[in-house]
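Engineer: Given only the sequences and the hints, what does the whole structure look like? Please build it.
Protein chains in written order, with UniProt numbering: chain A, 1 to 488; chain B, 1 to 277; chain C, 1 to 309.
To be clear, the hints were calculated from the coordinates, so they are not data collected in a lab.
Treat each hint with caution, since some may be false.
[Claimed, not checked] Below, in silico cross-link-like pairs of lysine to aspartate or glutamate (DMTMM-like), each with a Cα-Cα straight-line distance of 20 Å or less:
1. 479/A <-> 133/A
2. 394/A <-> 317/A
3. 468/A <-> 62/C
4. 303/A <-> 169/B
5. 318/A <-> 288/A
6. 408/A <-> 390/A
7. 363/A <-> 130/A
8. 318/A <-> 130/A
9. 487/A <-> 133/A
10. 459/A <-> 62/C
11. 188/A <-> 169/A
12. 286/A <-> 40/B
13. 101/B <-> 169/B
14. 312/A <-> 166/A
15. 58/A <-> 64/B
16. 459/A <-> 206/C
17. 312/A <-> 40/B
18. 358/A <-> 65/A
19. 358/A <-> 42/A
20. 286/A <-> 314/A
21. 484/A <-> 130/A
[Stated by the list, open to error] Derived Cβ-Cβ restraints for the label pairs, each shown as a range:
22. 12/B <-> 157/C: 20 to 30 Å
23. 154/C <-> 316/A: 32 to 42 Å
24. 65/B <-> 318/A: 26 to 36 Å
25. 157/C <-> 170/A: 34 to 44 Å
26. 47/B <-> 316/A: 23 to 33 Å
27. 237/A <-> 107/B: 32 to 42 Å
28. 183/A <-> 47/B: 44 to 54 Å
29. 64/B <-> 133/A: 48 to 58 Å
Note that the Cβ used here is the ideal one computed from N, Cα and C, for glycine as well.
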Amino acid sequence: MNVDRMALSRRSLLKGVSATALLAGVAAPFAAPGAARAQSADAVRVLCVEDPFFFSLKAMIPDFEKETGIKVELESLSYDALQARLVSAFVAQTSDADVIAVDQMWLGQYLDNGWIVSLNDFIAKDADIDLGDFLPEVLYSSNMWRGQIGTLPVAAYAQGVMYRKDMFDEFGIAAPPSETSEDWTWTKYVETLKALEGKSFNGAPVFPTVVCGSQPSPIVHMFTQVSTSHGAGWFKSFPGAPWDFEPQLTGPAWVKSVEVYRALYRLSPPEAINYVWFDAGTRFAKGDIGMFYWWTPYFYLIKNAGYMTGTKSDVMDKYATAALPKAEGVPQTVSLGGWSLGVPSSSTRQDNGYAFIKWATSKATQKKMALWPDLNHQFSDFARASLYEDDEVKAIYPYLDIQLAMMKQGNGKVTRPPVPGYTALESVLGLTLNQLLTGSEDPAAALERTNGLFASILKGNFMIPYQKESFADSLDEAKALIGKLTKS
Amino acid sequence: MSSPKARFLTALTYAGGLLFLAVFIGPILWFLALAIRPADTAFAMPPQFTFEPTLNAFRHILVDPGVNGPQVVNSLIVAIGAVVLNLPFSVPAAYALSRFKLRGKKHIMLWYLGLLMAPPIAFLIPYFILITRIGLQGSYFSMVLVLQTMTIPFSVWLMKSFIDEVPAELEEAARVDGARWFTIMWRITLPIVRPGIIVTSMFAFVFAWNNAAFPLVLSARSTATLPIGTLGYFATSGVTWNFIAAAAVLAMIPPMIIFLVFDRYVVRGLTFGSVKG
Amino acid sequence: MSATIARSPQALPPARRSFVRRNLPYLLIAPSVIMLLALIAYPLLFALRSSFYFWNLQIGPEPQAFVGFDNYVQAFNAFDFQDALVNTLILSIAGTAIEFVLGLSIALLLLRALPGMNVVRALLILPTTIAPIVVGFLFRYLYDPGGGLITWLLKSTGLPIPPEGLLGSPTTALAAVLFADVWQWTPFFAIVLYASLLSVPDEIIEAARLDRASAWTILMRIKLPLIRRTAVIIVMLRFMQLFNTFDTVLVLTRGGPGTSTRTLGYSLYEQGLINFNIGLVSAMTWITVLIVNVIVALYVFFAFRNEEW
Numbered sequence: 001m002n003v004d005r006m007a008l009s010r011r012s013l014l015k016g017v018s019a020t021a022l023l024a025g026v027a028a029p030f031a032a033p034g035a036a037r038a039q040s041a042d043a044v045r046v047l048c049v050e051d052p053f054f055f056s057l058k059a060m061i062p063d064f065e066k067e068t069g070i071k072v073e074l075e076s077l078s079y080d081a082l083q084a085r086l087v088s089a090f091v092a093q094t095s096d097a098d099v100i101a102v103d104q105m106w107l108g109q110y111l112d113n114g115w116i117v118s119l120n121d122f123i124a125k126d127a128d129i130d131l132g133d134f135l136p137e138v139l140y141s142s143n144m145w146r147g148q149i150g151t152l153p154v155a156a157y158a159q160g161v162m163y164r165k166d167m168f169d170e171f172g173i174a175a176p177p178s179e180t181s182e183d184w185t186w187t188k189y190v191e192t193l194k195a196l197e198g199k200s201f202n203g204a205p206v207f208p209t210v211v212c213g214s215q216p217s218p219i220v221h222m223f224t225q226v227s228t229s230h231g232a233g234w235f236k237s238f239p240g241a242p243w244d245f246e247p248q249l250t251g252p253a254w255v256k257s258v259e260v261y262r263a264l265y266r267l268s269p270p271e272a273i274n275y276v277w278f279d280a281g282t283r284f285a286k287g288d289i290g291m292f293y294w295w296t297p298y299f300y301l302i303k304n305a306g307y308m309t310g311t312k313s314d315v316m317d318k319y320a321t322a323a324l325p326k327a328e329g330v331p332q333t334v335s336l337g338g339w340s341l342g343v344p345s346s347s348t349r350q351d352n353g354y355a356f357i358k359w360a361t362s363k364a365t366q367k368k369m370a371l372w373p374d375l376n377h378q379f380s381d382f383a384r385a386s387l388y389e390d391d392e393v394k395a396i397y398p399y400l401d402i403q404l405a406m407m408k409q410g411n412g413k414v415t416r417p418p419v420p421g422y423t424a425l426e427s428v429l430g431l432t433l434n435q436l437l438t439g440s441e442d443p444a445a446a447l448e449r450t451n452g453l454f455a456s457i458l459k460g461n462f463m464i465p466y467q468k469e470s471f472a473d474s475l476d477e478a479k480a481l482i483g484k485l486t487k488s
Numbered sequence: 001m002s003s004p005k006a007r008f009l010t011a012l013t014y015a016g017g018l019l020f021l022a023v024f025i026g027p028i029l030w031f032l033a034l035a036i037r038p039a040d041t042a043f044a045m046p047p048q049f050t051f052e053p054t055l056n057a058f059r060h061i062l063v064d065p066g067v068n069g070p071q072v073v074n075s076l077i078v079a080i081g082a083v084v085l086n087l088p089f090s091v092p093a094a095y096a097l098s099r100f101k102l103r104g105k106k107h108i109m110l111w112y113l114g115l116l117m118a119p120p121i122a123f124l125i126p127y128f129i130l131i132t133r134i135g136l137q138g139s140y141f142s143m144v145l146v147l148q149t150m151t152i153p154f155s156v157w158l159m160k161s162f163i164d165e166v167p168a169e170l171e172e173a174a175r176v177d178g179a180r181w182f183t184i185m186w187r188i189t190l191p192i193v194r195p196g197i198i199v200t201s202m203f204a205f206v207f208a209w210n211n212a213a214f215p216l217v218l219s220a221r222s223t224a225t226l227p228i229g230t231l232g233y234f235a236t237s238g239v240t241w242n243f244i245a246a247a248a249v250l251a252m253i254p255p256m257i258i259f260l261v262f263d264r265y266v267v268r269g270l271t272f273g274s275v276k277g
Numbered sequence: 001m002s003a004t005i006a007r008s009p010q011a012l013p014p015a016r017r018s019f020v021r022r023n024l025p026y027l028l029i030a031p032s033v034i035m036l037l038a039l040i041a042y043p044l045l046f047a048l049r050s051s052f053y054f055w056n057l058q059i060g061p062e063p064q065a066f067v068g069f070d071n072y073v074q075a076f077n078a079f080d081f082q083d084a085l086v087n088t089l090i091l092s093i094a095g096t097a098i099e100f101v102l103g104l105s106i107a108l109l110l111l112r113a114l115p116g117m118n119v120v121r122a123l124l125i126l127p128t129t130i131a132p133i134v135v136g137f138l139f140r141y142l143y144d145p146g147g148g149l150i151t152w153l154l155k156s157t158g159l160p161i162p163p164e165g166l167l168g169s170p171t172t173a174l175a176a177v178l179f180a181d182v183w184q185w186t187p188f189f190a191i192v193l194y195a196s197l198l199s200v201p202d203e204i205i206e207a208a209r210l211d212r213a214s215a216w217t218i219l220m221r222i223k224l225p226l227i228r229r230t231a232v233i234i235v236m237l238r239f240m241q242l243f244n245t246f247d248t249v250l251v252l253t254r255g256g257p258g259t260s261t262r263t264l265g266y267s268l269y270e271q272g273l274i275n276f277n278i279g280l281v282s283a284m285t286w287i288t289v290l291i292v293n294v295i296v297a298l299y300v301f302f303a304f305r306n307e308e309w
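Structural biologist: So, in structure tokens, the structure goes:
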């Protein structure tokens with residue numbers, strides 16, 4: 001392998017292209033728009049993703065500008081566009097932003113390549129960040145990689161159950177419990193749903209549940225909650241050391257998880273095969289679904305009829321939330337996700353960047369976001385433990401106890417392992433699951449085939465055998481780091 | 001002439017015409033309706049054909065917050081830029097291919113045509129890496145430049161067909177008067193084919209305006225074009241159909257106007273000049 | 001017309017003049033050729049080189065190792081390559097054929113030249129003017145299993161639609177994608193074929209009528225052969241545009257359900273701009289480029305063999 005020579009010849013290749021650009025003779029009026037703009041010292045450019053938290057965060061920006069005198073340029077993009085934009089900015093080594101939204105899947109890649117700076121030093125020097133107030137499960141899942149805190153969480157998601165109180169009452173079905181217990185299993189969940197099968201409610205036929213079937217991300221996000229509950233892991237050894245990425249998609253836990261998910265799809269509207277994230281929530285809000293589980297932002301999103309309309313949905317006062325089911329005899333693990341903010345190493349205003357992140361993830365700002373009344377109160381994705389005890393907030397979001405209980409059982413590193421090249425694995429798994437929902441293929445055979453594809457992708461990405469240093473990544477390790485940074 | 005059979009055939013023809021209009025124009029009107037109907041009637045079952053029209057969606061996309069207003073400007077900059085940049089390359093080539101006997105002319109013409117059919121996504125990804133490395137990612141120029149892969153071959157073909165129509169005698173006469181080839185091209189041929197150049201530019205503009213693959217990969221938020229703007233309403237947390245439709249309607253208008261105004265050149269434009277229409 | 005057009009008294013020194021004179025047409029063509037080569041050949045050579053390296057932007061910004069033909073082997077063995085190739089071919093062949101036949105029938109209808117049909121002809125072209133990505137959105141709306149107009153029309157005429165929706169069932173999804181394309185491009189064939197058929201001289205057809213040739217015979221034996229060159233060009237164009245389909249698929253189905261609507265263009269997009277596996281996508285690029293070239297070359301050879309330019 002001769003990386004240096006390759007880079008050199010690419011440079012000469014680039015010279016050629018630049019020459020072509022000059023040949024065209026009109027380069028000047030079309031110069032890159034961001035590049036020429038002067039970097040003013042009292043500003044900060046924030047590149048965000050358009051998830052629910054974005055709207056309440058945006059509404060709080062004037063407060064930050066008043067407090068610090070730093071002007072904020074906030075941009076939002078869709079998930080795909082954000083990823084493409086960030087990767088291209090990093091490759092070009094251009095300074096595009098001072099704060100960026102980072103998905104937990106990208107964290108390791110960004111830190112390993114030095115694309116974002118470690119926040120350890122900023123935090124150690126900061127007396128009033130109150131790092132200990134963040135839920136350690138969230139920091140561990142979304143923000144830490146190889147002993148570095150790369151980002152801080154602005155919105156943390158767990159998963160939980162939503163169901164129709166009125167429907168359950170009408171059919172005399174016991175309400176699902178608000179605490180995790182051996183009595184509330186996936187088997188029981190499916191049985192409960194079956195009691196709703198073929199029923200009509202308010203004169204309209206009821207679908208017991210709704211799932212996401214669209215590949216690749218939505219179905220993987222939803223299915224992995226079932227598989228993690230059943231203890232089905234992706235790799236031989238990860239995140240514990242030594243790392244060994246030999247895929248482990250075969251075995252009874254995976255087969256069982258597929259069977260559960262298939263059963264759930266059969267109890268859903270058939271068109272759910274094409275449902276992406278919001279489709280499931282929108283469908284529940286329409287009123288013909290009995291119960292479903294999904295990311296915790298849907299605890300409040302289903303209050304709205306339609307996206308961004310601000311009008312209340314028909315189920316607004318008729319639903320309640322509950323704990324996620326678990327699998328028999330397996331300790332529960334809940335999927336954790338959400339969005340975090342980091343500082344690109346190319347930024348020339350890293351202090352401003354950190355100041356913004358500290359502000360956006362602070363208890364005070366997060367509370368103000370939660371109390372923002374627009375869109376029927378649209379933010380309760382706290383990573384800060386103290387907000388789950390706040391009476392003012394709890395009055396608006398009555399489900400916070402359940403949400404906190406789910407968070408505390410969370411482990412995002414196990415559910416969807418944030419390994420380099422994750423998206424390629426996700427697209428293969430998503431495809432298999434999607435095919436298994438509508439097809440009649442034997443789950444074991446399909447998983448066997450997927451396992452082979454995983455192995456070939458991982459070998460192609462030089463992940464098998466793993467040649468770099470492993471890192472013993474555990475919640476205890478994360479707690480120790482939090483303690484160390486808080487003390488100093 | 002008005003035998004029963006002929007009358008029946010006439011009726012049949014009109015019925016067919018109306019059917020085709022319904023099939024091909026109906027969906028466009030239905031999308032326009034989506035843009036101006038109250039959001040909660042968009043998926044009503046059975047479909048609602050009457051409703052209280054509202055301009056809320058257009059207000060949202062153009063005024064408050066008005067994300068798509070600047071995108072209209074971006075689309076114009078990119079499409080006009082692509083047309084303007086293409087002219088100095090395509091006009092001389094079209095002139096040469098029309099006026100001179102060349103060895104391999106057929107192969108050159110087919111080579112241009114072949115480029116028009118190359119899969120854009122195939123060279124787009126390496127182009128994206130290259131443009132990113134020289135720091136032009138997200139610029140208007142990166143899009144204008146790569147659009148030349150469409151506009152130059154298209155314009156060469158279409159423009160050649162217009163130049164072919166200019167009688168050679170005019171140039172012969174000028175040559176007898178001792179004018180140089182450049183003067184002939186500049187002073188005589190080009191003014192005559194100016195309508196052809198305008199028609200060519202208009203259709204090249206439509207192709208550039210409608211292109212979504214290039215800006216999807218190459219644009220930044222501040223340089224995003226209108227087709228990309230429609231994609232923006234398809235977020236992970238929800239989809240706002242009436243905004244999509246409003247932005248889409250906006251994107252449809254310029255090409256439709258150009259096609260209706262330049263009606264008599266449409267066939268020629270669509271076949272790169274190989275059918276005079 | 002010949003290169004001797006520059007035979008006039010000139011101010012240039014003789015040597016240079018003769019160079020310019022001899023090569024004038026080539027000098028006029030050269031800028032466009034150089035520009036196009038730079039824009040297409042350069043990225044392709046870059047891709048050729050990258051295709052022999054392991055280079056995943058999610059793992060590192062530089063090529064990580066020389067791997068020989070591994071990327072090509074991976075591309076052929078990828079879970080979606082064969083399905084994508086088959087779908088792409090079905091889409092291209094069926095789409096072109098359906099659009100040609102439908103377009104021809106509409107053209108024949110328009111040829112009856114009744115009053116008012118001119119308006120029909122002028123309006124008919126509108127679908128073709130719309131950006132394909134917008135057509136994608138339009139049809140996603142029309143196909144919606146809950147409240148889509150097409151779904152409703154099919155249901156109310158009693159036609160069976162799969163419970164998953166037209167885009168949700170593997171049996172109908174590809175056909176639904178195909179139908180959106182047919183809707184957009186049939187008018188294109190109709191208008192172009194109509195214009196070409198108009199240019200067929202009346203005397204020839206009159207002569208055939210006197211020979212008692214049937215309408216069908218006149219169409220197949222006289223009209224179609226006379227518009228052969230146009231037909232050949234537009235069929236090739238449409239075929240290749242369909243072969244490159246990717247933005248409609250992106251909006252309509254993202255290649256699903258399963259792999260039933262995955263096209264080569266969409267697979268390239270996913271590997272390149274979602275997975276950022278530059279080495280692999282470069283290999284796939286070259287495989288696609290070779291396939292396209294073979295198709296175009298064969299077609300051009302047979303279609304233009306006897307053409308003079």
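Engineer: Each hint: holds or not?
Structural biologist: We went through each hint and held it up to the structure:
1. 479/A <-> 133/A: Since the Cα atoms of residue 479/A and residue 133/A sit roughly 12 Å apart, the hinted pair holds (cutoff 20 Å).
2. 394/A <-> 317/A: Distance of about 16 Å is within 20 Å: holds.
3. 468/A <-> 62/C: Holds: residue 468/A and residue 62/C sit about 17 Å apart, inside 20 Å.
4. 303/A <-> 169/B: violated, 77 Å
5. 318/A <-> 288/A: holds, 12 Å
6. 408/A <-> 390/A: holds, 17 Å
7. 363/A <-> 130/A: holds, 9 Å
8. 318/A <-> 130/A: violated, 38 Å
9. 487/A <-> 133/A: holds, 14 Å
10. 459/A <-> 62/C: Within the cut-off at roughly 18 Å; holds.
11. 188/A <-> 169/A: The hint holds at about 18 Å.
12. 286/A <-> 40/B: holds, 11 Å
13. 101/B <-> 169/B: Given that 20 Å is the threshold and the Cα spacing comes to 16 Å, the pair holds.
14. 312/A <-> 166/A: Holds: residue 312/A and residue 166/A sit about 17 Å apart, inside 20 Å.
15. 58/A <-> 64/B: OK: residue 58/A and residue 64/B at ~15 Å, within 20 Å.
16. 459/A <-> 206/C: violated, 71 Å
17. 312/A <-> 40/B: holds, 12 Å
18. 358/A <-> 65/A: Given pair residue 358/A, residue 65/A holds - Cα atoms ~14 Å apart, limit 20 Å.
19. 358/A <-> 42/A: OK: residue 358/A and residue 42/A at ~16 Å, within 20 Å.
20. 286/A <-> 314/A: holds, 7 Å
21. 484/A <-> 130/A: Between residue 484/A and residue 130/A the Cα gap is close to 13 Å, so the pair holds against 20 Å.
22. 12/B <-> 157/C: 20 to 30 Å: holds, 21 Å
23. 154/C <-> 316/A: 32 to 42 Å: holds, 34 Å
24. 65/B <-> 318/A: 26 to 36 Å: Between residue 65/B and residue 318/A, where Cβ atoms are some 33 Å apart, the hint holds.
25. 157/C <-> 170/A: 34 to 44 Å: 36 Å Cβ-Cβ, so the 34 to 44 Å window holds.
26. 47/B <-> 316/A: 23 to 33 Å: This hint holds: roughly 26 Å between Cβ atoms.
27. 237/A <-> 107/B: 32 to 42 Å: Because 60 Å falls outside the window, the suggested range is violated.
28. 183/A <-> 47/B: 44 to 54 Å: holds, 47 Å
29. 64/B <-> 133/A: 48 to 58 Å: violated, 37 Å
Checked against the numbered hints given earlier, the structure breaks hints 4, 8, 16, 27, 29 and satisfies all the rest.
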